[in-house]
Amino acid sequence: MEKENKKINIPEAPKRSIGITKYQIKKNVKQVLTMIARYALLISVSYIVLYPLFALIAYTPMSRTDILDPSVIWFSKHPTTGNLVAAWGALDYLNGLSRTLLVGIVSAIIEVFTCAIAAYGFARFEFKGKNLLFALVLLTAIVPVQILAIPLYLNFRYLDFFGLTKLIGGAFFDNPDFVIDLTETPFTFWLPSLFGVGLRSGLFIFIYRQFFVGLPKELEEASWIDGAGPLKTFFKVVIPSSGVVFLTVTIFSIIWHWNEYHLSVLYFNNKHPLAVALSGVVSYFTQSGINYETAQGAISAACLLFIAPVLIMYMFMQRKFIQSVDRVGIVG
Amino acid sequence: MDATLKEPKKVKAPKKKRIRGIESKKSMYGRMFILPWCIGMLLFFIIPLFQSLIYSFSTVWVEPGLMETELSGLENYKFILNEDPNYTNNLWSAIQSFFRNMPIIIIVSLILAIVLNQKYPGRMIFRSVFFVPVIVATGVVMELLTKNLNGVDAIITLTTETENVYSEGTGGMDFTVVLQSLNFPEEITKTMSGLITNIFNTLWSCGIPIILFLAGLQTIPEQLYEASTVEGATKWEEFWYITLPMLSQTLLLVIIFTMIDLLTQNTNPVIQQAYTLMSAQSVYDQSAAMLWLFFGIIGLGVGIVIFLYTKILLKKWN
Numbered sequence: 011m012e013k014e015n016k017k018i019n020i021p022e023a024p025k026r027s028i029g030i031t032k033y034q035i036k037k038n039v040k041q042v043l044t045m046i047a048r049y050a051l052l053i054s055v056s057y058i059v060l061y062p063l064f065a066l067i068a069y070t071p072m073s074r075t076d077i078l079d080p081s082v083i084w085f086s087k088h089p090t091t092g093n094l095v096a097a098w099g100a101l102d103y104l105n106g107l108s109r110t111l112l113v114g115i116v117s118a119i120i121e122v123f124t125c126a127i128a129a130y131g132f133a134r135f136e137f138k139g140k141n142l143l144f145a146l147v148l149l150t151a152i153v154p155v156q157i158l159a160i161p162l163y164l165n166f167r168y169l170d171f172f173g174l175t176k177l178i179g180g181a182f183f184d185n186p187d188f189v190i191d192l193t194e195t196p197f198t199f200w201l202p203s204l205f206g207v208g209l210r211s212g213l214f215i216f217i218y219r220q221f222f223v224g225l226p227k228e229l230e231e232a233s234w235i236d237g238a239g240p241l242k243t244f245f246k247v248v249i250p251s252s253g254v255v256f257l258t259v260t261i262f263s264i265i266w267h268w269n270e271y272h273l274s275v276l277y278f279n280n281k282h283p284l285a286v287a288l289s290g291v292v293s294y295f296t297q298s299g300i301n302y303e304t305a306q307g308a309i310s311a312a313c314l315l316f317i318a319p320v321l322i323m324y325m326f327m328q329r330k331f332i333q334s335v336d337r338v339g340i341v342g
Numbered sequence: 012m013d014a015t016l017k018e019p020k021k022v023k024a025p026k027k028k029r030i031r032g033i034e035s036k037k038s039m040y041g042r043m044f045i046l047p048w049c050i051g052m053l054l055f056f057i058i059p060l061f062q063s064l065i066y067s068f069s070t071v072w073v074e075p076g077l078m079e080t081e082l083s084g085l086e087n088y089k090f091i092l093n094e095d096p097n098y099t100n101n102l103w104s105a106i107q108s109f110f111r112n113m114p115i116i117i118i119v120s121l122i123l124a125i126v127l128n129q130k131y132p133g134r135m136i137f138r139s140v141f142f143v144p145v146i147v148a149t150g151v152v153m154e155l156l157t158k159n160l161n162g163v164d165a166i167i168t169l170t171t172e173t174e175n176v177y178s179e180g181t182g183g184m185d186f187t188v189v190l191q192s193l194n195f196p197e198e199i200t201k202t203m204s205g206l207i208t209n210i211f212n213t214l215w216s217c218g219i220p221i222i223l224f225l226a227g228l229q230t231i232p233e234q235l236y237e238a239s240t241v242e243g244a245t246k247w248e249e250f251w252y253i254t255l256p257m258l259s260q261t262l263l264l265v266i267i268f269t270m271i272d273l274l275t276q277n278t279n280p281v282i283q284q285a286y287t288l289m290s291a292q293s294v295y296d297q298s299a300a301m302l303w304l305f306f307g308i309i310g311l312g313v314g315i316v317i318f319l320y321t322k323i324l325l326k327k328w329n
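So the protein lines, in turn, are chains A and B. At position 232 of the first sequence (counting the first as 1) the number is 242 in our numbering, and the numbers step up by one without a gap. At position 178 of the second sequence (counting the first as 1) the number is 189 in our numbering, and the numbers step up by one without a gap.
Because the hints were derived from the structure by calculation, they are not lab data. Check before you lean on any hint, since a few could be wrong.
As the list claims (entries may be wrong) - No farther apart than 20 angstroms at their CA atoms in a straight line, the calculated lysine to any residue pairs in the SDA-like style are these:
(1) B:Lys36 with A:Glu230
(2) B:Lys36 with A:Gly237
(3) A:Lys140 with B:Asn212
(4) B:Lys37 with A:Leu142
(5) A:Lys36 with B:Thr240
(6) B:Lys37 with A:Ile235
(7) A:Lys227 with B:Tyr40
(8) B:Lys130 with A:Ile46
(9) B:Lys130 with A:Lys140
(10) B:Lys130 with B:Tyr40
(11) A:Lys227 with B:Lys130
(12) A:Lys330 with B:Thr240
(13) B:Lys246 with A:Asn38
(14) B:Lys246 with A:Ile235
(15) A:Lys281 with A:Glu230
(16) B:Lys158 with A:Ile46
(17) B:Lys36 with A:Glu136
For reference, chain A alone in the conformation it holds in the complex (with noise of 0.2 angstroms):
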């Protein structure tokens, strides 16, 4: 549209014309019409998309009287906290909230780490087997985590990779039946996490890499002549550089980790993570007759409290993501 501006402008400039032109009113009209077409466009599809976050804020307060008044669609007339109460309660707010940050932020963190590394290996180096190891990559980004879900818990409730948990048992504690159980602890997350294939890590490793790909070589090659290793030049040279396409994978990582719940509804039964006290508040609140306005509206304060954290996290970084977004070319 800019373009169009400009073409406009350049013929206004000298004033030679005493009138408008004919042309100049087709241009202009031409111009309102498409302004007014994307304006509403973009506005009834951002009602459709903040439809949802609406409703939440509206339910929340809404009181008995409110959900039976149909004269109330948006705004209650008896706004009320019992919603927000109950639904603190049923989700065992702070305890599942530090959970969530123990099990999921401390995880996304790590695999913010983990995939740069990995993808930093397969941008600049050229090594045997980098094509077919490449497609490993796609391939884990590809595979639904529900097809892996089992085995995975399993893994994760007997640990034993390669017998050699069974081996140490029988050596130091004189136990063969020796298992280590990580279920119920963060371990389940970080452990992928660290080792670069966790939650969408193989999303994330393609993400670092095609930024890695576009980055110029020649700051790292300075830093190999300067005598640094390749760690070394990846810390001090690349991460500095590469602030953007962090904050773009902190942020998926993130908001990813926060909704989990295939995985740890599996990990988690008692000391589960708020994702999983979510799934579960329906049938606490229909269940055991907790004391809230109404069922609507708890379940609307449950949501928002459950999405409150991530929510003010993205307006306080949207502008920086959505700039980073501009800048990271994540298809380079």
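Starting from the known structure of chain A, arrange chain B on it as the hints suggest.
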């Protein structure tokens, strides 16, 4: 080192000898960088993947402390296809909705990304708004919002039936009725009303594809458009001859991403069935077979799409 040995003709002979030491060192460093990932992939991906494949071909029972398996051939697959009353229906509807939603999501997000990429006041606000459903309308929250659970009415109603009820009550417009009265064939009516009720779901799934497309659009050099304007190309031609070919890699990424996103949604009936079987009845063999069959079919379909895409379109564009 191997890489240099394989293509010796491209590099000049004396130069090759000089850099050989560095190259081998570099390839060692490369392996060092991906070594942790290799171990992790073996432990947390390859082994579980084969385990689950084996489960699908065997009878699995749980003994205290361990899981026992015995190969049983195609028994599980035969059972879920012939004897399970719901599986084939679930499978069919899941596959249908997958192949129906995928192109819609990709086209809609491409259009929205192009609109968002233009320059006008307030575009940053719209851009950040379009990412919000990635946070809000995903996973568990979405399930709670759109489903009637335990007798509690859904907060957002999307299904066709309830919309019909509402429109009858309030005298609003019902698209199905309108289309039927226009004497459209029923097939078209169904698809159209499906599309309209689906628009919410589609737009909520567009958050990340839009972000990916936006990132891709940023990489297209402005000069290409300037040159085409000088040559007198229309916007339509610009889209087909510049924007789309320049987005070819992004498009592949979006296809892959949308695929994972659609497959792992909680609303997928096959996944729901398999998960209930797993968690409620501890049946691991049949549930594994259910998932493998579903993902196998989808994988095959998408594999063909990607193959044709890279063989025909990418070649044409590059």
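Hints versus structure:
1. At most 20 angstroms may separate the alpha-carbon atoms for a hinted pair to count; B:Lys36 and A:Glu230 meet this at roughly 16 angstroms.
2. A hinted pair counts as satisfied when its Cα atoms are at most 20 angstroms apart, and B:Lys36 with A:Gly237 qualifies at roughly 14 angstroms.
3. For the hint linking A:Lys140 to B:Asn212, the alpha-carbon distance of about 39 angstroms lies beyond 20 angstroms, and the restraint is violated.
4. The suggested pairing of B:Lys37 with A:Leu142 holds, with an alpha-carbon distance near 19 angstroms, which does not exceed 20 angstroms.
5. In summary, the hint linking A:Lys36 to B:Thr240 is supported, as the alpha carbons are separated by about 19 angstroms, within the 20 angstroms threshold.
6. Only pairs whose Cα atoms come within 20 angstroms are accepted, and B:Lys37 paired with A:Ile235 is accepted, the gap being roughly 13 angstroms.
7. For the given pair, A:Lys227 sits about 16 angstroms from B:Tyr40 by alpha-carbon distance, which is consistent with the 20 angstroms threshold.
8. Between B:Lys130 and A:Ile46, the direct Cα distance comes to roughly 14 angstroms. Compliance with the 20 angstroms bound is thereby established for this hinted pair.
9. Annotation: proposed proximity of B:Lys130 to A:Lys140 is violated, straight-line Cα distance about 41 angstroms (limit 20 angstroms).
10. For the hint pairing B:Lys130 with B:Tyr40, the CA-to-CA distance comes to about 44 angstroms; that exceeds 20 angstroms, so the pair is violated.
11. Distance check on the hinted pair: A:Lys227 and B:Lys130 sit about 32 angstroms apart at the alpha-carbon level, beyond 20 angstroms; violated.
12. Our distance criterion of 20 angstroms between C-alpha atoms is broken by A:Lys330 and B:Thr240, whose separation comes to about 32 angstroms.
13. Note on B:Lys246 and A:Asn38: the hinted pairing holds, with a Cα-Cα distance of about 17 angstroms set against a maximum of 20 angstroms.
14. Note on B:Lys246 and A:Ile235: the hinted pairing is violated, with a Cα-Cα distance of about 49 angstroms set against a maximum of 20 angstroms.
15. Restraint check for A:Lys281 and A:Glu230: the C-alpha separation of about 45 angstroms exceeds 20 angstroms, so the hint is violated.
16. A C-alpha spacing of about 36 angstroms is found between B:Lys158 and A:Ile46, which places the hinted pair above 20 angstroms, so the restraint is violated.
17. Between B:Lys36 and A:Glu136 the CA atoms are separated by roughly 10 angstroms; this keeps the pair inside 20 angstroms, and the hint holds.
The earlier numbered hints that this structure contradicts are 3, 9, 10, 11, 12, 14, 15, 16.
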